[in-house]
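Engineer: Place chain A on chain U using the hints.
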Amino acid sequence: MKKSKFSFLLILTLVFSLILSACSGGDNKAGDEKPEDGEGTTGETANVPQELRMLDSSAIPTMDSVLAEGSTSFTYINNVGEGLYRLDQNHKPVPALADGEPQISDDNLVYTFKLIDSKWSNGEPVTAHDFVFAWQRAIDPKTASPYGPYMMGGKIKGAEAITEAGAAGKPYDVTTLGVKAIDDKTLEVTLEKPIAYWQDLFAFPTFYPQNQKFVEEKGEAFASNAENLLYNGPFVMETWESTDAEEWVLTKNPNYHNADQVKLEKITVNVVKDSNSAVNAFEAGETDMTGLLSSDLVPAYEGDERMLSWMEATVFWIKMNQKNEALANVNIRKAIAMGFNKEDLAASILNNGSVAANYFVPKDFVTLDGEDFREKHGDLIEFNAEEAKKYWETGLKELGVDKLELRYLGGDTEAAKKTDAYIKNQLETNLPGLTINLESVPFAVRLERDNAMDYDLQFAGWGPDYGNALSFTDLWITDGGSNRMGYSNEKYDQLIKDAQGKLATDEKAQWEAQQEAERIMLEEDAGLAPVYQRAANILLNPNVKGLAIYNYGPDYSFQWVTIEGEE
Amino acid sequence: MAKYLLKRVFYMFLTLFIIASLTFFLMKIIPGTPFASANKLGPAQMEIMKAKYGLDQPVPVQYAKYIGNLLQGDLGISFQFNNRSVTDMMVGRLGPSMQLGAQAMILGTVVGILLGIFAALRQNTWVDYSSTFIAVLGKSIPNFVFAGLLQYYIGVKLGWFPVLFWRGFEYTILPTIALSMLPIAIAARFMRTEMIEVLGSDYIMLAKAKGASFFEIAFKHALRNALIPLVTVLGPLAISLMTGSLVIEKIFAIPGLGEQFVKSITLNDYPVIMGTTILFAALFVVIILVVDILYGIIDPRIRLSGGNK
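Those protein sequence lines, which keep their order, are chains U and A.
The end of the first sequence is residue 567 by the UniProt record's numbering, with every number in the run present.
The end of the second sequence is residue 309 by the UniProt record's numbering, with every number in the run present.
Source of the hints: derived by calculation from the structure; they are not laboratory data.
Yeah, the Cβ is synthetic: ideal placement off N, Cα and C, and Gly gets one too.
Be aware that one or more of the hints could be misleading.
Here are the simulated SDA-like cross-link-like pairs (lysine to any residue), alpha carbons at most 25 Å apart as the crow flies [to be verified]:
{"no.": "1", "chain 1": "U", "residue 1": "K142", "chain 2": "A", "residue 2": "K65"}
{"no.": "2", "chain 1": "U", "residue 1": "K323", "chain 2": "A", "residue 2": "G42"}
{"no.": "3", "chain 1": "U", "residue 1": "K273", "chain 2": "U", "residue 2": "E247"}
Covered stretches of chain U (chain A as the covering partner; in silico rule of three or more C-beta atoms under 8 Å from a C-beta of chain A) [claimed, not checked]:
{"no.": "4", "stretch": "63 to 75"}
{"no.": "5", "stretch": "146 to 154"}
{"no.": "6", "stretch": "162 to 171"}
{"no.": "7", "stretch": "213 to 226"}
{"no.": "8", "stretch": "275 to 283"}
So here's chain U without its partners, still in its complex pose:
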């Protein structure tokens, strides 16, 4: 007993000394501010090697744009490749391989793109056929692309039918997909219905072109290492040994059509999964940029100019399974959604810049004429213990019970357990008679149970795939693929259907329909209990300027990065 106490004390002392020494790094200046992408690129760069050394927290699972499904893959595919559009420094999609804006048919369904002159890294021209090949490959059930059908289904004509036929083992024809090469330089895309965010879609890596001859020649080996890839973006991969490689090097692509814009000559990336180690490497001067910091490290760098912090467009919430009789009751749902203190959670438990969310379309995500989506309705469902209790009592009365027991499905990481325990405690304290049974499971299990709707309450989150509020609002349409909590409201469905269809070309009306839909979903129905919007933090050498950080798809673009000399 004595020995174990001694060991415990010793460990505690050592751990504290570690934390304290970690905290001592860096001077404290300036508040945490959103990065101004692309700013400061005019500084002194002469005679400074334009080389960026950075850390990432994961290896690249695939560089095949058709098979990619995670932000790590998207980030590097975006930096070595290019599609019709590209996200610029201000997160806006701008024509890239498309020669200006396309010609659009009167019914807003057929888009005809002219392509600029550009080359693959083997010298061959990028043609319209390369787009047709890649898109057909992405939708082909034989390829089993995770994002192909997800990004194209219901958007590109014929996509859904091909996926369904493939799943049922019926014959299908990928040439029925709405994409056609009129000639080498002209691409025609037919949509299923008008889409408000079509530029974002065509900037997404799933829609990048691929050189048919090269892909077929390489077969299984395609995109498995640097030699088996072709590039048409700002950089090429100089070394990348395999999909699980923990080090890779990108160099400037001299054949890139916009090569003049690219100042960075070389990017060396190493995988470091441990956040503490990444910080140590940064402090030792071994790297210019860390991956995302774990939240326990953030307070130590509060106010340090080397820490770059920004709001991610990722919102976490508690899904309430409305197939459960108690959760089908709107008063019970309101009680739960209002029954826990999110501000305290964000400030004390998370303590990394994340903010309480009283909404499900995040702030700093989409704007219209300079106005943030959040400005009109702002907070829709706030913490209010007294109100929550009133709703709770009404709900219990309507159900004819005086207590309730609910299963709460949460994550199994230490951070998730802390958050879940806090929410449980808050809800049980504020809603007398409520018992919450926490079920902490790995992510893969949570996904499966979400699919099977095997939960009462579930802590989950969502990050968007394109820059339109629809990437959040269309989640909750009745029987929608991602709904999986049984929420249903005719008015909501109609508003979203309009936003996806007849209002698609009227930005203002589309925007307002979604704002109203969000209000109905949260304020009237409490269909969901929003918890917080996540902040992201990295350490970045102040000499590195012009890093573009994105809210969806790729995490970063290095196209505009320059390295300035020491001041």
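Structural biologist: Same frame as chain U, but now just chain A:
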């Protein structure tokens, strides 16, 4: 001896087959989806993904296919890393894990044995107390704490050795020291106890009476007998060190097996889970055999053939 070895090798393969089969069926019971984007896949798409990886087939069919491929040395393709063969992945990662494990094992045992011997020979002196103190530290403090301290003070503050990565011998020093703390502790404790016991035995008394020197007694007579129990403990320890220390690999960004294995479990990357389990099991049975052979070498009285029947 040859007959004994053949028999052992046969049992080794049988054990591996049973482990592979058990793991396969256990893995099928693990809940959870192997698809990272499962929350974005519709039912039709899910069917297509399952078909791609053969997960739409009945379990016995999947098992037969797996064992068939295994017999041909094919461990399949990782779900997580596109187009990456599990065999290639493991071969690439085994090197760093084995090197790190072996270095930690050698450093740990040599230092541990020396500490143990000196502690036993200088019982109840400051030498003994210091050795015990080091052993307690090594046993009670998790190696990630040592790793963090070494990384910060030796790597960042003093700048003597690189903080991270695996690019040459100097990169292996800090992780080796961090990982060797446990074997040091174990070897020192065992060695001390065994040496004290052996030093009290009649033949040592006799050697002393015959005028044998301090070093002769310690290293020639006592060490050999004291080593036998140590070998038993160090065998399994060697496996855990060589198959990769999850935390040390993660902290020093070493591309080894340990961290990969744990990640494959959390992501339900079935082929990688199977591949690494089989590899770990194979290493384990081989080390057990090596330990048995070592017994015979250290003490010829232990006969490998199990005596003449």
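Engineer: Now tell me, hint by hint, if it's right for this structure.
Structural biologist: Here is what the structure says about each hint:
Between the alpha carbons of K142/U and K65/A the distance comes to roughly 20 Å, so the proposed pair stays at or under 25 Å and holds. Between K323/U and G42/A the CA atoms are separated by roughly 20 Å; this keeps the pair inside 25 Å, and the hint holds. Distance check on the hinted pair: K273/U and E247/U sit about 12 Å apart at the alpha-carbon level, within 25 Å; holds. By the rule of at least three residues with a Cβ nearer than 8 Å to a Cβ of chain A, the coverage given for the stretch 63 to 75 of chain U holds, with 4 such residues.
Beta-carbon proximity to chain A at under 8 Å applies to 5 residues in the stretch 146 to 154 of chain U; the threshold of 3 is reached and the given coverage holds. Coverage of the stretch 162 to 171 of chain U by chain A holds in this model, with 5 residues showing a Cβ closer than 8 Å to a Cβ of that chain against a need of three. Given a C-beta distance limit of less than 8 Å, the hint that chain A covers the stretch 213 to 226 of chain U holds, as 5 residues qualify and 3 suffice. Chain A is given as covering the stretch 275 to 283 of chain U, and this holds because 5 residues of the stretch bring a CB closer than 8 Å to a CB of that chain, at least three being needed.
Hint compliance for this structure: no hint is broken.
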